[in-house]
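Residue numbers (my numbering), protein chains in the order written: chain H, -1 to 228; chain W, -5 to 76.
Think of the hints as simulated: they come from the structure by calculation, not from any bench. Possibly wrong hints are sitting among the right ones.
As the list claims (entries may be wrong) - Derived DSSO-like pairs: lysine-lysine, alpha-carbon spacing no greater than 27 Å straight-line:
| id | chain 1 | residue 1 | chain 2 | residue 2 |
| --- | --- | --- | --- | --- |
| 1 | H | LYS68 | W | LYS50 |
| 2 | W | LYS(-4) | W | LYS74 |
| 3 | W | LYS54 | H | LYS71 |
| 4 | H | LYS167 | H | LYS105 |
| 5 | H | LYS105 | H | LYS168 |
| 6 | W | LYS74 | H | LYS105 |
| 7 | W | LYS4 | H | LYS154 |
| 8 | H | LYS68 | W | LYS54 |
| 9 | H | LYS105 | W | LYS34 |
| 10 | H | LYS104 | H | LYS167 |
| 11 | W | LYS4 | H | LYS165 |
| 12 | H | LYS104 | W | LYS34 |
| 13 | W | LYS4 | H | LYS104 |
| 14 | H | LYS71 | H | LYS25 |
| 15 | W | LYS54 | H | LYS33 |
Below are the chains, spelled out letter by letter.
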Amino acid sequence: MRTAVAIFPGSNCDRDMAVAIKKITGKSPLKLWHKDTEAPNLDLIVIPGGFSFGDYLRCGALAARSPIIKNIKNHVSRGGALLGVCNGFQILIEANILPGSLVRNKKLLFTCRETTLEVQDSIQSPFLSSFNTGDCLNIPVAHNEGNYIANNELLKELENNGRIAFKYKKSSEIETDYNPNGSLNDIAGILSENGRVLGMMPHPERSISSLHGGTDGLKFLTKSIEQIVG
Amino acid sequence: MKVEVNISLKEGVLDPEGQAIDNTLRNLGYNNFDNIRTGKQIILNIDETDENEVLKQADKMCQELLVNIVIENYQINIIKDK
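Just chain H, same shape as in the assembly (with noise of 0.2 Å):
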């Protein structure tokens, strides 16, 4: 298994990324600067949390143009698996990987909490296959703009096609603010056409201890790492 972390300037989340991944694979995951030009091949690349080039201009903007990311396309054409997490989602939909667009949320709060997400019935995807539809997940949120948003076009395709990976779920009828951001539709994570990109605003690198309160994050990466393997 060849994993790697991509780092920015303002990543913060990479080293609890990399814990997490040796805490699975037995190995360290290799870590790709932003400034890198050549990367090995590698099943999986993440891209982890944080405040990438101080989200500047707009969340994920500059770090999208960064000479790193045409590595990552490359290993994206080549069928390699890629996990965007919070900021990691920004930036992928800034790079054009996954569409539609990350807004600030809704109540204008900058939201750190855990929530529930519920598997959707999805396309083939190392990310989801582990999984049946309907599953829960705990896995906590920390971020301003995730508030994900598309047209009605974008939406019908998503929703229609199985590109949706999760959705925030309400843990009881009586809840109303189970949404952390205002998503369109709850949605908390999106795969590209062929299953392999996942960019989703929940951390689950930050859930994969009993200390963090939960380990659903760990049981999430373990059974894609798993996947993606084969």
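Add chain W to chain H, keeping to what the hints say.
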């Protein structure tokens, strides 16, 4: 040549900052307005003297980086020195 790029959110894209400003203005007693939208302005000097060329280059910059064309509109104006 000096150029300004005005970037605003497209119609229909949620603008929570605009909504917050709208609320506060109303709290201050202003009611004779609607449709507040926030945006940003980027000013730059392009090392070029031909106006069409300046507009062309600025437009390319907008498409490639300055603007998220999924959610934002933009307008490029040449600023003439007085």
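Quick rundown of the hints versus the structure:
1. Restraint check for H/LYS68 and W/LYS50: satisfied, since their Cα atoms lie roughly 25 Å apart, inside the 27 Å limit.
2. In summary, the hint linking W/LYS(-4) to W/LYS74 is supported, as the alpha carbons are separated by about 7 Å, within the 27 Å threshold.
3. The suggested pairing of W/LYS54 with H/LYS71 holds, with an alpha-carbon distance near 22 Å, which does not exceed 27 Å.
4. In summary, the hint linking H/LYS167 to H/LYS105 is supported, as the alpha carbons are separated by about 18 Å, within the 27 Å threshold.
5. Straight-line distance between C-alpha atoms of H/LYS105 and H/LYS168 comes to about 18 Å, which keeps the hinted pair within the 27 Å bound.
6. A C-alpha spacing of about 40 Å is found between W/LYS74 and H/LYS105, which places the hinted pair above 27 Å, so the restraint is violated.
7. For the given pair, W/LYS4 sits about 20 Å from H/LYS154 by alpha-carbon distance, which is consistent with the 27 Å threshold.
8. A hinted pair counts as satisfied when its Cα atoms are at most 27 Å apart, and H/LYS68 with W/LYS54 qualifies at roughly 19 Å.
9. Straight-line distance between C-alpha atoms of H/LYS105 and W/LYS34 comes to about 20 Å, which keeps the hinted pair within the 27 Å bound.
10. Under the criterion of a C-alpha separation no larger than 27 Å, the hint pairing H/LYS104 with H/LYS167 is consistent with the structure, at around 17 Å.
11. Straight-line distance between C-alpha atoms of W/LYS4 and H/LYS165 comes to about 25 Å, which keeps the hinted pair within the 27 Å bound.
12. Among the hinted pairs, H/LYS104 with W/LYS34 is consistent with the structure: their alpha-carbon atoms are about 19 Å apart, no more than 27 Å.
13. Of the pairs offered as hints, the one joining W/LYS4 and H/LYS104 holds, with about 16 Å between alpha carbons and a cut-off of 27 Å not exceeded.
14. Our distance criterion of 27 Å between C-alpha atoms is met by H/LYS71 and H/LYS25, whose separation comes to about 24 Å.
15. Straight-line distance between C-alpha atoms of W/LYS54 and H/LYS33 comes to about 23 Å, which keeps the hinted pair within the 27 Å bound.
When the structure is compared with the earlier hints, a violation turns up for hint 6 alone.
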